[in-house]
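Chains as they are written, first to last, in the numbering used here: chain S, 1 to 118; chain D, 1 to 118; chain X, 1 to 118; chain U, 1 to 118; chain E, 1 to 118; chain H, 1 to 118; chain G, 1 to 118; chain V, 1 to 118; chain L, 1 to 118; chain Y, 1 to 118.
Keep in mind that the hints are not guaranteed to be accurate.
[Unchecked claim] Below, computed lysine-lysine pairings styled on DSS-like, alpha-carbon distance capped at 30 Å:
id, chain 1, residue 1, chain 2, residue 2
1, Y, 62, Y, 46
2, X, 16, X, 62
3, E, 62, L, 62
4, Y, 62, L, 16
5, U, 59, U, 7
6, E, 36, G, 7
7, D, 62, S, 46
8, E, 16, E, 36
9, D, 16, D, 36
10, Y, 46, S, 36
11, H, 62, V, 46
12, Y, 16, S, 7
13, Y, 59, D, 46
14, U, 59, H, 59
15, S, 16, H, 62
16, D, 59, Y, 16
17, H, 46, H, 62
18, E, 59, U, 36
19, H, 36, S, 62
20, U, 62, V, 46
21, S, 7, D, 36
22, G, 62, L, 59
23, Y, 36, Y, 62
24, X, 62, S, 46
It is worth saying that the hints were derived from the structure and are not from the lab.
There are 10 protein chains.
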Amino acid sequence: MSTLPSKELDVFPNPKPSRNYTIRIDSPEFTCLCPKTGQPDFATIKLEYIPDASCVELKSWKLYLWSFRETGAFHEAVTNAILDDLVAAINPRYARLEAIFNVRGGVYTTVVAEHGGR
Amino acid sequence: MSTLPSKELDVFPNPKPSRNYTIRIDSPEFTCLCPKTGQPDFATIKLEYIPDASCVELKSWKLYLWSFRETGAFHEAVTNAILDDLVAAINPRYARLEAIFNVRGGVYTTVVAEHGGR
Amino acid sequence: MSTLPSKELDVFPNPKPSRNYTIRIDSPEFTCLCPKTGQPDFATIKLEYIPDASCVELKSWKLYLWSFRETGAFHEAVTNAILDDLVAAINPRYARLEAIFNVRGGVYTTVVAEHGGR
Amino acid sequence: MSTLPSKELDVFPNPKPSRNYTIRIDSPEFTCLCPKTGQPDFATIKLEYIPDASCVELKSWKLYLWSFRETGAFHEAVTNAILDDLVAAINPRYARLEAIFNVRGGVYTTVVAEHGGR
Amino acid sequence: MSTLPSKELDVFPNPKPSRNYTIRIDSPEFTCLCPKTGQPDFATIKLEYIPDASCVELKSWKLYLWSFRETGAFHEAVTNAILDDLVAAINPRYARLEAIFNVRGGVYTTVVAEHGGR
Amino acid sequence: MSTLPSKELDVFPNPKPSRNYTIRIDSPEFTCLCPKTGQPDFATIKLEYIPDASCVELKSWKLYLWSFRETGAFHEAVTNAILDDLVAAINPRYARLEAIFNVRGGVYTTVVAEHGGR
Amino acid sequence: MSTLPSKELDVFPNPKPSRNYTIRIDSPEFTCLCPKTGQPDFATIKLEYIPDASCVELKSWKLYLWSFRETGAFHEAVTNAILDDLVAAINPRYARLEAIFNVRGGVYTTVVAEHGGR
Amino acid sequence: MSTLPSKELDVFPNPKPSRNYTIRIDSPEFTCLCPKTGQPDFATIKLEYIPDASCVELKSWKLYLWSFRETGAFHEAVTNAILDDLVAAINPRYARLEAIFNVRGGVYTTVVAEHGGR
Amino acid sequence: MSTLPSKELDVFPNPKPSRNYTIRIDSPEFTCLCPKTGQPDFATIKLEYIPDASCVELKSWKLYLWSFRETGAFHEAVTNAILDDLVAAINPRYARLEAIFNVRGGVYTTVVAEHGGR
Amino acid sequence: MSTLPSKELDVFPNPKPSRNYTIRIDSPEFTCLCPKTGQPDFATIKLEYIPDASCVELKSWKLYLWSFRETGAFHEAVTNAILDDLVAAINPRYARLEAIFNVRGGVYTTVVAEHGGR
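Isolated chain S, as found in the complex (with noise of 0.2 Å):
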């Protein structure tokens, strides 16, 4: 039944660029697959960021997060490649990138990265 959107971030003129101010979008409903077991992992992502010229459009991050539910990932990588996937879309002043994945095998993992200094 499911036929995944691609992976486009919509963008929109970022409406104060005179002034530093900041965004941040949580998504709790991130799930993607072990690459090596195949089975179901999940997370919550949080974004936050500074923007410069554009500003990321809502419905196409929350689409761009469900675009990875049939595709492996590492914890390590996925983070950072969503990270870069952002920064190519709206190059923004500064982002933050937070992956909070759920506990699997007793163990709770979080990859933080981050673009730019604040």
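Given the coordinates of chain S, assemble chains D, X, U, E, H, G, V, L and Y onto it according to the supplied hints.
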């Protein structure tokens, strides 16, 4: 990449059938698809039951829930269907299935179904 | 800009009428107006019911609650009216409507009404 | 500066006397004086009742509780007195008054009184 | 320096004997000594009772609990003894004494005793 | 029924201009409309500022926020616009405006804008 | 290094056999081994009982639970076995044993068994 | 009945003036009157300071805060006035006064003022 | 019955003196007496330090804190005295002592003292 | 039954060495033995590090921590030893190891060690 497991539930003999006791299994990682929009839905599935001759095997229960990942399912129907599958597999003295769905459109939905009396 | 939806509730056939089961729908975004002062009131509306022949459609319930946005409504009366509208639409075996209003004048008010026995 | 309001409770007709339903009013700002030391006491007053012919008006309940601000009152007596005043004003089918007093001397005291059966 | 108060409980007449109502008194500062090791034990003592002719005076209850400070006391025995002392002093219609002891050896112990029916 | 108040902010003289001090005002009852769908949005608006010559009057701030009730507003734009209006009214030494929007499409969005340095 | 204690439970005479009262003992440090994989499992063991002639000695209960450290044990079986051992040792008027196991494979399991009526 | 204490603060010599250390005193029972409506306001007053030659005596601080019970006071002004009184009494090396007022009109207000650097 | 231990602190050699690392020890069971009234006071004592040549032995720290059980002690003075005793015993590179006293007269007091820089 | 795994840490190449990013791994299931009494100790081990050329493999980290199950270990020493083993295996740009031990004798101990600067 994903090949979903079949909807088979493994069982094992109840180690203490002479006693009425309760087993609770909470699974916060249930996901299916909305039949109207095709978009992902997420839920926590809480099962509580008093076994008769058989218990449901934990890993099998996890795989069973995982098998809904690419299935379109309405909240009310899928909750009753999961309970029906459990009853068909182990015929428990009592069972209660609670599905706590993630918020959609500002609305939080939970469905609770029971089988047998307590 | 706002054109409020009509107070119509859509229904669909109960997928499991042979079983008594419970549906809970929590809506933390109810707002109406105070009939005395014209100022906004806010509430969380919690519905819990056992369906008979029909269930209330979720999006329709959201729009129904939204339709009170420009209506003057007393706490006690509006809670009973919402329950009456639900009963008229789906005639459930049991229903419970709880309206948890935001604090006003240092006072927190909640109204709880039931229809049928459990 | 302070002129305390009189201990008068305003009422209004129950909008749904054909149904037994519950009204809860929580007031975390009750204060009176300790009859022994003259020092201030503080409490949260929780009222829950099933109205018969009348309901108590919310602003009037707030002013009524405020009227104790300069009154000396023992914990056990004042809880019963407030419930008696409510019963005299609206004669509810059921009422429950819970007074949760702030800690004094390392001891936390709560008094709960009921009128009628539920 | 310390001179412990005597184990005397002061009482006062119940201001509303015609009504069954409940008084709860929580004391998180109970301490006694372990009879085996002589080391300090700590507990929260929760009393809940329905008074008959008399109520226990709050300061007196605080001093009574304080009087155990240098007493060796087993968990199970001291909980029942405190309840017995309360019953001897005020003969309540109902009483419940809960002693929640601090963790010892990785184990959390609570003892709950009741007098009369509710 | 509703006649929205104008977007006017009342001010009063800072009672202690010789000291840098901070005023925080949290308003959990902000609601506007989504410019795309016309459906209601909800947010908590947190203001924190260091006053210079003037402070914003609390009731006026409440009415100002209420005036957005029938206005279409994007998250990023409306947060910056509210901060701009505050700066125009009282020109504070520092101000921080945080808008925490309710979840939409499984995504939680917050926008934070500052004026001046701290 | 480790020499596990024997599975012996020490008891002492109930200090108040004339009263039905409840003893609760929570032990968050239970660990055994998974019989399939040999990997460690962890659980919180909650015991609640009404003693008859004897009570279980606390340190002995701690050592008893510790004795499972190198034992392979299924969730359902070990919970019933612990309850059986307690009943054999003190024959309580009522007992309830709840084993809350740590998450495994995204699934949280709890087993609850009772002996006698309350 | 009430005779308010005078606004006098008692002090005692700092027992360790050679060290910079911090004293925090939280008082959740502050109440004054609204100068516009005459109705009661409530706040938690949090004081934090580094003493120089003197410390403020705790009971005296409690009575000082109590003395506002029948005083009309604006949020911003009273917070600064309390800090000024403390500075006049003990001239601390640093002080911070935070007044967290109860919600009024759906709005939560907090005022924070500091004296000296840390 | 009680014979208090002496105020002696045992120490052991720092197992990793080449690294600056932090040890935190929280003791929620500190009790002493109020020098004015002779009544018990209670506090949580939180110690945090960076060891130099020696560490404080845990059981010895527990006994040291217990030795205050029958000592009259002012909040501000006893906090500084405990820190001084620790410094005398192990001369740490940094230490922080926080004493969180139980509420008295509606007022919560905490004292925090530091030794050395971090 | 138990055969403990060896203390070997598997590593894999850092997928994004050009960026300083943080990996956090929380393990609430660490257990070792007290070297004095031979009784079990329990801790939550929190690791946070910035990888250089290599990352530690998650399952290997779980097995490494499990290998302490029958080892006698002092709190301060074992925390530093685990950090040393991690540094030897992956030589991270920064690492922080926090061991939060379960309460013993009413005392809660935490040890925190860092390697490199942040």
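Under the criterion that the straight-line Cα-Cα distance not exceed 30 Å, is the pair residue 59/D, residue 16/Y satisfied? 34 Å, violated
Checking one constraint from the list: CA of residue 7/S to CA of residue 36/D, max 30 Å. Satisfied? Holds, because 22 Å separates the two Cα atoms, which is no more than 30 Å.
For a C-alpha distance cap of 30 Å, please report whether residue 59/Y and residue 46/D respect it. It holds: about 28 Å lies between the C-alpha atoms, which stays within 30 Å.
With the threshold set at 30 Å, check whether the alpha-carbon distance from residue 62/X to residue 46/S stays at or below it. Holds. Residue 62/X to residue 46/S sits at ~28 Å (cutoff 30 Å).
Is the Cα-Cα distance between residue 36/H and residue 62/S 30 Å or less? 17 Å, holds
Does the alpha-carbon distance linking residue 62/Y and residue 46/Y stay inside the 30 Å limit? 12 Å, holds
Residue 16/Y and residue 7/S: Cα distance at most 30 Å? 20 Å, holds
Is residue 62/E close enough to residue 62/L, meaning Cα to Cα at most 30 Å? 26 Å, holds
30 Å limit on alpha-carbon distance, applied to hinted pair residue 62/D and residue 46/S: At roughly 27 Å apart (the allowed maximum being 30 Å), residue 46/S and residue 62/D satisfy the hint.
Given the proposed pairing of residue 46/Y with residue 36/S, does the C-alpha separation stay at or below 30 Å? Given pair residue 46/Y, residue 36/S holds - Cα atoms ~25 Å apart, limit 30 Å.
Within a Cα-Cα threshold of 30 Å, do residue 16/D and residue 36/D meet the stated pairing? 45 Å, violated
Do the alpha carbons of residue 36/Y and residue 62/Y lie within 30 Å of each other, as the hint requires? 26 Å, holds
Comparing the model with each earlier hint shows violations of hints 8, 9, 16; every other hint is respected.
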